[in-house]
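Q: Given next are the chains, with one letter for each unit.
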Amino acid sequence: MGEKKIILHAENIRMEFGGLLALKDVNIDIYDGELISLIGPNGAGKTTFLNIVSGIYKPVRGRIIFEGEEITGNPPDEIAYRRITRTFQTPQLFTNMTVIENIMVGYHTKIKRGMLGCIFTFPWTRSEEKWIRERSAEFLEFIGLADKAHRSVTALPYGDRKKLELARALALEPKLLLLDEPTAGLNMDEKESIIKLISLMRDKGLTILIIEHDMNVVMKISERVIVLNYGEKIFEGKPEDAGKDPMVISAYLGEES
Amino acid sequence: MIMQYGRINYYILIIIAATVLAFPLFNSNEYIISVMNFMGINIMIVLGLNLLMGYAGQISLGHAGFFGMGAYISGILTAKYSINPWIALIIAVLLTSILALTVAHPTLRLKGYYLAMATLGFGMILSIIFVQLDELTGGASGLVGIPYLSIFGFNLSTSLRMYYLIWVTLFVLTVLSINLVESKIGRALRAIHTGEVAAMVLGVETHKLKIKVFILSAIFASLAGSYYAHFVNFISPSSFDFHYSILFITMVILGGMGSIWGSYFGGSLLSILPEVLHSIEDYNIIIYGFLLIIIMFFLPKGVIPTLSEYISNMPERKGSIIGKLISTYMYPQKGK
Amino acid sequence: MFEIILQAILSGITVGSIYGLIGLGFNIIYNASYIINFAQGEFVMLGGMIAATTFNVFKINPIYTLIISTTIVTLIGALIERMAIQPVRHADVSVLVIITIGASIFIRGISMLIWGKDPYILPPFTSSEPIIIKNAAINPQSLWIIGTTIVVVIFLQFFFKKTITGKAMRAVADNKKAASLMGIKIERILLISFGFSGALGSIAGIIITPITLTTYDIGIIFGLKGFSAAILGGIGNSFGALIGGLLLGILECLAAALVSSGYKDAVAFLILLLVLFIKPSGILGKGLIEKV
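So the protein sequences, as listed, match chains H, A and V.
Counted from 1, the first sequence has number 6 at position 6 by the working numbering; the numbering is strictly sequential.
Counted from 1, the second sequence has number 298 at position 298 by the working numbering; the numbering is strictly sequential.
Counted from 1, the third sequence has number 150 at position 150 by the working numbering; the numbering is strictly sequential.
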């Protein structure tokens, strides 16, 4: 694999909500090309961390450095242009659009056309429209949703929604992909499907951070695991070692997995 | 929306345009043409407002203010300062845009009720200014002596002549709107409406886009205002108050938020209704209030989107001929 | 100069009390449901209108007039909640905004049909001779207004702290889930809240009518200003609504006295905008919760 480069460096991250301390001096490094899992009991601060990296929250203290540049407090859309994107615990699909249109939004950063450029041109004269539509159709074909391309997303079953949201994020061709519980609420087959997709992406060199509760999934696909508890990092290392670490065990004993 | 896929909107526009433009050949009754003119003006405003409300999902309870700005700036510059009406119109659009820009930035950071109240407050302030700056605006009694528009010396002094100007302009604006809706930015706007955070993490500059759409909708309203001033040659503050802001909202909601043809539907129906119910004019307000509630209860998406969804679900119904037609012609790639 | 300012402040306190009462009405509904009731101003209008009709047309004794009109408006408030809000309680904020706007327009329209566009008046509760203090004239009705407001506030304090229903309402405002787990019926609380706001609005309308007269469309302005008061003070905070109202009233009257009376109404809206832009949570407030 060669020398491991740090692609994301989160330094002394501290996050508060009102008086509530959500993250305390969290230091996390993510290496280029790895698939790392962020786990911990509910309320440990995992999603908060994700929200900070994706620009939705600005940390009270600390820095986020991505590919050598500081992105702390940058807005999410700016961060997206750096090719960091994410999915959500509950799929945030655009319910006023069809399945294929949702994927097409994923290509937003790939096209350089502003509002005036859109208003004063006809759709069929824009070469990028055809490109987006074709790529989106291909993508849908790839994930097995091609026959539902023109349906409203509200008609999709939960498993397909998760798949679609993931595909939409991938359309952006991210360098760093943050997934918030990508297999939550899915049955065995659906989980397999998502895992296959994630593994495929990892094999293509995509760096992925996953928040997960399902330990089987974590064991199966992660190279590294970071455990948070009450806003602090309590373990970092190989997945199989996490299960043996006393601090991790006691953290989870307080909670029903 | 599903029915906006592809070129179909342009075809619909051509049909509507042909019908409207040919209409006076069959019936040039002055009264009807006048009503159609007001209808066209209303649809212009509603078209812009719908881009804001239906696509970007931002509510504006003060849009009559922009309508008024266009009317007053055009009216004042031409009636009091004898400036060329077309130049005055451009100045009106520019000034309204600047105002919209100034207001948009802090306002559009608000959400829900806050946003609604801010736009309401802003519209009310404009209403008050129209009355109070009476040296310029003529105060509550209004501004008289607004000249006609003219094109290359040809005076647009009759309803019929304004009819063509208004409706052709509306059709041009409609083309531009369809262009916008069927585009990357159009999708981005719709995304903002239903998943603003998700849109942001995909790279959509939501705040800036909202501001741009806000300004765009203000421009449509300002243009409509200028046409209105030059059509009726007399304007007064009562045409631009809170009631009209609500009327425009009702038109958007009735026709369907996020539907271009919904704007046409809502705009035309609610322009004709007062005329039809002329004898019971006082019932207007009640009807609007009632309509708003009923629509929110039963057709929250509005008439046109509900209709179009019903139609587009038809392919799923077995043995439906219309359904087969739709799936063959509307979704040509489905066969692949 | 001093007299002018003093006069303005006194007028401001008077009208500010009204804004505070209306703002309280907003808060009560908001606290129970996070809904902003656009029809709040119409309750004010209805209170004044029904009282004026009961008194002038039916020649009913003032005390009964007060009771009757407040009762009627309370019922109207409850009716609106049952018919227009309850069915769509879980809908999107924008839907609810539009529904309450629709309700307010509807009420206004019906009022116009019943009463026309003419103004109506109630006589002052006591004499109409102004009381002079240091060259500033106080309208005795103002004292009634301020006095009534104080009484209402004290009553509300008692109600919310000592009665079961009041405590239930506070519980719902604090934590809806916990409250419902405790057996409090949220729907009933919502119904009561609307009724309450109707009552508050009605009282406000009745006491102000001797000074300002009442017409079918005063609801908009009063509603907006009451809302401004609530936002200024911090929505959700009842004490804030009062402070916001007083502040708004005083600023408005000062502006009218020192700058121009035509722009008086604009002051309220300007303040509203400024608060929304700079500190939406208001002076004392927790701020509007967004339903995410």
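Since the hints were derived computationally from the structure, they do not count as laboratory data.
Keep in mind the model is a prediction, meaning the values are calculated, not measured.
All C-beta atoms in this analysis are idealised placements derived from N, C-alpha and C, irrespective of residue type, glycine included.
Where hints are given, some of them may not hold.
[Claimed, not checked] Straight line, CA to CA, 16 Å or less: simulated EDC-like cross-link-like pairs of lysine to aspartate or glutamate: (1) H:Lys58 with H:Glu16; (2) A:Lys301 with V:Asp217; (3) H:Lys5 with H:Glu78; (4) A:Lys208 with H:Glu78; (5) V:Lys117 with V:Asp217; (6) A:Lys111 with V:Asp92.
[Said to hold, decoys possible] Covered by chain H, according to a simulated footprint, are these stretches of chain A (three or more residues, beta-carbon under 8 Å): (7) 189 to 199; (8) 204 to 211.
[Claimed, not checked] Away from chain V, derived, C-beta distances all over 12 Å, residues of chain A: (9) Ala18; (10) Pro24; (11) Phe26; (12) Phe290.
Q: Now, for every hint given, state plainly whether the structure supports it.
A: To see whether the hints hold, each was checked on the structure:
Between lysine 58 of chain H and glutamate 16 of chain H, the direct Cα distance comes to roughly 10 Å. Compliance with the 16 Å bound is thereby established for this hinted pair. Straight-line distance between C-alpha atoms of lysine 301 of chain A and aspartate 217 of chain V comes to about 30 Å, which puts the hinted pair past the 16 Å bound. Note on lysine 5 of chain H and glutamate 78 of chain H: the hinted pairing is violated, with a Cα-Cα distance of about 23 Å set against a maximum of 16 Å. For the given pair, lysine 208 of chain A sits about 12 Å from glutamate 78 of chain H by alpha-carbon distance, which is consistent with the 16 Å threshold.
At most 16 Å may separate the alpha-carbon atoms for a hinted pair to count; lysine 117 of chain V and aspartate 217 of chain V meet this at roughly 8 Å. Distance check on the hinted pair: lysine 111 of chain A and aspartate 92 of chain V sit about 12 Å apart at the alpha-carbon level, within 16 Å; holds. Interface restraint, the region 189 to 199 of chain A with chain H: holds (8 residues with C-beta to C-beta distance below 8 Å; minimum three). Residues of the region 204 to 211 of chain A lying with their CB closer than 8 Å to a CB of chain H number 4, which satisfies the three-residue condition for coverage.
The beta carbon of alanine 18 of chain A is kept farther than 12 Å from every beta carbon of chain V, the shortest such distance being approximately 35 Å. Every C-beta of chain V lies more than 12 Å from that of proline 24 of chain A, the closest at about 35 Å, which supports listing it as non-interface. Residue-level check passed: phenylalanine 26 of chain A sits 36 Å from the nearest beta carbon of chain V, beyond 12 Å. With 12 Å as the threshold on Cβ separation, the claim that phenylalanine 290 of chain A sits away from chain V is violated: the shortest Cβ distance comes to roughly 5 Å.
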